[in-house]
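Taken in order, these protein sequences are the chains called E and A.
Going by this note's numbering, the first sequence opens with residue 42, and the numbers climb by one from there.
Going by this note's numbering, the second sequence opens with residue 6, and the numbers climb by one from there.
It is worth saying that the hints were derived from the structure and are not from the lab.
Glycine residues also receive a C-beta, built at the ideal position from the N, C-alpha and C atoms.
Mixed in with the good hints there might be a few duds.
Said to hold, decoys possible - The calculated lysine-lysine pairs, modelled on PhoX-like cross-linking and capped at a C-alpha distance of 20 Å, are:
1. K326(E) with K309(E)
2. K281(E) with K117(A)
3. K203(E) with K12(A)
4. K533(A) with K497(A)
5. K191(A) with K217(A)
6. K405(A) with K376(A)
7. K749(A) with K771(A)
8. K110(E) with K229(E)
9. K282(E) with K267(A)
10. K117(A) with K282(E)
11. K582(A) with K533(A)
12. K267(A) with K281(E)
13. K299(E) with K229(E)
14. K749(A) with K368(A)
15. K203(E) with K178(E)
As the list claims (entries may be wrong) - Stretch-level coverage of chain E by chain A, calculated; a stretch enters the list once three of its residues show a Cβ under 8 Å from a Cβ in chain A:
16. 94 to 104
17. 130 to 143
18. 160 to 168
19. 195 to 203
20. 428 to 442
21. 496 to 503
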Amino acid sequence: MIPRRDTIQFVLNDQLVTLAFDAGNELKPTTTVLNYLRSLPFHKGVKEGCAEGDCGACTVVVAENYHGKLMYKTIDSCLVFLPMIHGKQLITVENLADAGTLHPVQQEMINHNGSQCGYCTPGVVMSLFGLYKNHYKPGREIIEDALTGNLCRCTGYQPIIKAAEHACSCVDTDKFRLHEASIVEMLKSINRKKTAIEIQTSTRNYFKPLTLPDALAFRSRYPSATIVGGATDTALRQTKKGELLQEILDISGIEELKYFVEDEQVYKIGSGISLEELKRHAAGKLPALYRMLQKFGSLQIRNQATLGGNIGSASPIGDTLPLLIACKAGVRLQSADSGRVIRIGDFIKGYRLTGLHADELITAVHIPKPDSSTTISAYKVSRRKHMDISTVSGGFSLQLEKNYVVEIILAFGGMAEQPKRAAETEAFLRGKPWTRATVDQAMDILAGEFTPWSDARAGAAYRNLAARNLLLKFYTETSSPAL
Amino acid sequence: MKTSELKHDSALKHVTGQSVYVNDMTASRQLFGRVVYSPLAHARISLLDTTQAALVKGVTDILTCKDIPGLNQMGPVVDDEPCLATDEVTFIGQAMVLIAAETEEAALEAEKLIRIVFEELEAIVTLKQAIERNHLIAPERRIECGKPDEAMRSAPHCISGELETGAQEHWYLETQTALAVPGEGKEMLIHASSQNPAETQSIVAEVLGIAKNEVDVEVRRMGGGFGGKETQGNHVAAWAALLANASRRPVSIRLSRDDDQKITGKRHRFLSKYSIGFDEEGKILAYSVELNSDAGAATDLSRAILERAMLHAENAYFIPNARIIGKAYKTNLPSNTAFRGFGGPQGMAVIETAIDRMARFLKKDPSQIRKLNFYGTEDRNTTPYGETISHNRLHLMYDKLMASSAYSQRRQDIDRFNAKNEFAKRGLSITPVKFGISFTTAFLNQAGALVHIYTDGTIAVNHGGTEMGQGLNTKMLGIAADEFGVSHNFIKISATNTSKVPNTSATAASSGSDLNGMAVKNAIDTLKARLSEVAIAELKGKLTNATLSAGELIFSGNLIYAASHPELAIPFPQLVKQAYLKQVSLSATGFYKTPGIGYDRETGKGNPFYYYAYGMAVSEAEIDVLTGESRLLRTDILHDVGDSLNPEIDTGQIEGGFIQGLGWVTTEEIIWDDKGRLLTHSPDTYKIPTVNDIPAVFNVELLTGYPHEGTIRKSKAVGEPPLMLAFSAWLAIKDAISAVGNHKSEPDFSLPATAEVVLFSIEKIKKKSLGFSD
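From just these sequences and the hints, can you work out the full model?
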């Protein structure tokens, strides 16, 4: 029998809060942090703009204890279930000012006219606060990345960028730094024993194990429970489709699944690692993955979403999948009794369908290190450059010997009901010289391999054309100029 | 601090999360209101049964059209928009049933239990279908000058074509919302998110069947409007009021983002046909254009929007012989409505396209053709509708901007870049904006204000305009402080309220500061005259000179004094106290109407505009030849706001307007399927610009040293005109596509220039240059 608790605890600004979900309480375990805050009398600063993590008006910051220091992360509170902030500090716009003195990010927003209608402003301010806590004198790229997830329809963003530059040009001496040690102690006091949370109400069951063995035990006991890593996809079923999520297995709190290690042959990546943390590790090591993650959602989404979740949802437009296929990545699946590693291409079975057994969890992704003759690239074509779902994406790998193709993988997203390789084109190219002439021929074959659909993102003809052209793009980036 | 340097008066509240929007308010015993809307574009309702739904626990009221005590109507101009559907629905999103419940969940559950049986009817969901059937919603309008047929026939060159410009979703961050609070008797208080509280009041009174004096509408602020809350904020207010009236409890309605996008109208899409005749040099001799707009299922403001499109069909260019035809068509889509620019952008897009094509035809840089055709300063300065252009700033601004943007040098750099790169191409474009300021419906050009001074010397300023982020209240604060000669700390701008200033016009047509600023000044002038009498009496007692007149008094630095005797200055609060003791009224109304304007829409002639605002922009774009994706490398803007009331706020309007326009011309595409279902109904698929989409280099400058006589503090309106500066980005992308074929062939192009549009255009040009025919 797993020891368990049925309440959650977190620090709201500087107060320890304990929430129970018993009858008579309007809160449910699937109540979002946004709706919880807005139900309180003095936390209406946080706004709902879209309820799908696309606008950032609901941005709040969570601070987590990381080896005695606080790590500050912006998240979209509309996509976060209350138990997900268990053991964390939740910081809201109302609490940034220090006894009447505005926080530097607030003051600079005023100085640079960063607000007009003001509705997106609390979210923008929280994103700036996250930036302030994580970067000293950030460059334009870092500032833009911190603000990508915050839509503003009034200002045209320029004054907000200026506010960011000025606010982050001073050394962090805010009150949060002064109170860091005491907050860390409060967070440590919550759940020292890593007691699993099990909340059962008349309509919903919510399980939040904090260790992998507990998670696997829950998994086998409640095989129909929806598994959530960051919930950025699953939460939409509630906020957008009005679905009642009856049973949730929340594995976001399992520290054992948040790692990135490497040996001589392989990078081993825990499934619970957030995409933002993965992006940091990928810099310099997995350049194609890094570039792809730069265009993945927004910082708020990447702070919350996990690699395991992106794979497990098996979306035809999941951004990491084509690249992982091109990398010949393996997925590690674990049950209480056994574990196995299978190729990612074999794991994805169809539209939002995987080969995960009813007692298994995705625990890791293994990416083999490519040899020096192999080039791996990722491409994403979308209507808007950032914070958009791919219209077409490509994960390509090419091994050349004396400019002849030894091996090539061309995996596409957005072209079929699941991420799919262009098998005929690959076969055609294998053994051929890597020249424009061969690639031109290959492009014609590629066009015949897929029958994509037309939707709100683009028409089928565009998808076909773009997919063809991505091969040419790959060629231009991998061919040596001398040839 | 100079009042022109005031920060937004809500900035502190914005950044601390303290600013209150309608949805942040709670009233005791408040209910959730929900709108049940049509899932079909055109259908007869053969059965509508709410019996089961009414039984859901927590549901207090369910209303259909039969339960409307007053008129079942909410059309702002024409009565063709039922508040709740009767026996027919004419678009997806049309309200049919209203539910009030204790919780949102109960309302949702009830909605699922409503039984509706439809008999589906044929729907018109594209503009082309409507044009084919001549399905007009309003009489055709014409503006003509010269002899367009003759001039077109005799012109050395003539180009004809069609241009599609797409719809645009407002995407205000705060979706449509209202809180209705019943008072005693028939009273109803509406906390609205409306650009037009007086009209909200009107429509609420109409649907409830009560007098206007029973209805108070208050607007503290909106979380963005952009025209989307000029008429369509009325709808949620009317629905909330009906539910509040039925339950006699406060009811709030807030549309979810998806519902807001599905239910509400958008910028009108247009399909325009044009012919332009010109000479060898590139001078326009004749222009003929037919502007066809998709009005949607009801008239709303479509007539005025079409009219403004027609009045901007020539943009900044003199056209000696013109024929401008405007037609608005009825389709089975939500009624399209006001959106920043109000038809102006759709009209201008056509002439800018025509000129761009002329330049390619003549193998000249489009900048030269534009300059050649600008309105003249002495002659060639009459618009097709007969208004004379005075104070033309086009030539001046063109010269300044061409120099500051280094246009010519960059044109050469771009040619070199394009010669070297096969898969990336760059383009450059300069485009002007000349935008007419005034409501074209002349009587709307009026405004009121109510100013109170309290005995502690503090001042409350009420005016008829609404604050939606544009900084109107900050400008009014500056005007009031300057006029009274007191610190802005003495003054508070109150929420807009129909019981304080009645019968106001919408805050629209960029006119908020012009109209309300003058009305505020007018009220303050009255109060100052009264205070002056008190001051003179005070000062006379201390002076031997007994001829002191009001004209000699100065209100400045929180003091009132005679110019000749500054040492006898009276502090403002002291004078106010004195006035009170002397039984002088410390409250005054103000009023303003724009002089000398009028337009006859039957003849298409008149002086609809009090003046014109000018702007110009140069943009450089780069396209990815393999994917069609584009990005903006640099934009330089020079904009004319006269003597700015507040340069930082005006700059914010210019930058924000430009980026909103950029969205319209690039990534913001609205797609309906063949059943009239909106496919792009959330930010998941509808893509407004993010921080990454703004130009990497973004220089915005105000034209200084050119005050405009006859307006409040010699300023000019700024709300709408900058949106149309985004044509520079649109045509820069086209220029880059054109470079794929070495500028030898005319690219296919439409608006928005999505990656899809761009890539197909590139492919076509590539085929042409390979010698394939189309």
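Here's how the hints hold up against the structure:
| no. | hint | in the structure |
| --- | --- | --- |
| 1 | K326(E) with K309(E) | holds (12 Å) |
| 2 | K281(E) with K117(A) | holds (16 Å) |
| 3 | K203(E) with K12(A) | holds (15 Å) |
| 4 | K533(A) with K497(A) | holds (18 Å) |
| 5 | K191(A) with K217(A) | holds (11 Å) |
| 6 | K405(A) with K376(A) | holds (13 Å) |
| 7 | K749(A) with K771(A) | holds (11 Å) |
| 8 | K110(E) with K229(E) | holds (11 Å) |
| 9 | K282(E) with K267(A) | holds (15 Å) |
| 10 | K117(A) with K282(E) | holds (13 Å) |
| 11 | K582(A) with K533(A) | holds (14 Å) |
| 12 | K267(A) with K281(E) | holds (14 Å) |
| 13 | K299(E) with K229(E) | holds (18 Å) |
| 14 | K749(A) with K368(A) | holds (8 Å) |
| 15 | K203(E) with K178(E) | holds (12 Å) |
| 16 | 94 to 104 | holds (count 3) |
| 17 | 130 to 143 | holds (count 6) |
| 18 | 160 to 168 | holds (count 5) |
| 19 | 195 to 203 | holds (count 8) |
| 20 | 428 to 442 | holds (count 4) |
| 21 | 496 to 503 | holds (count 7) |
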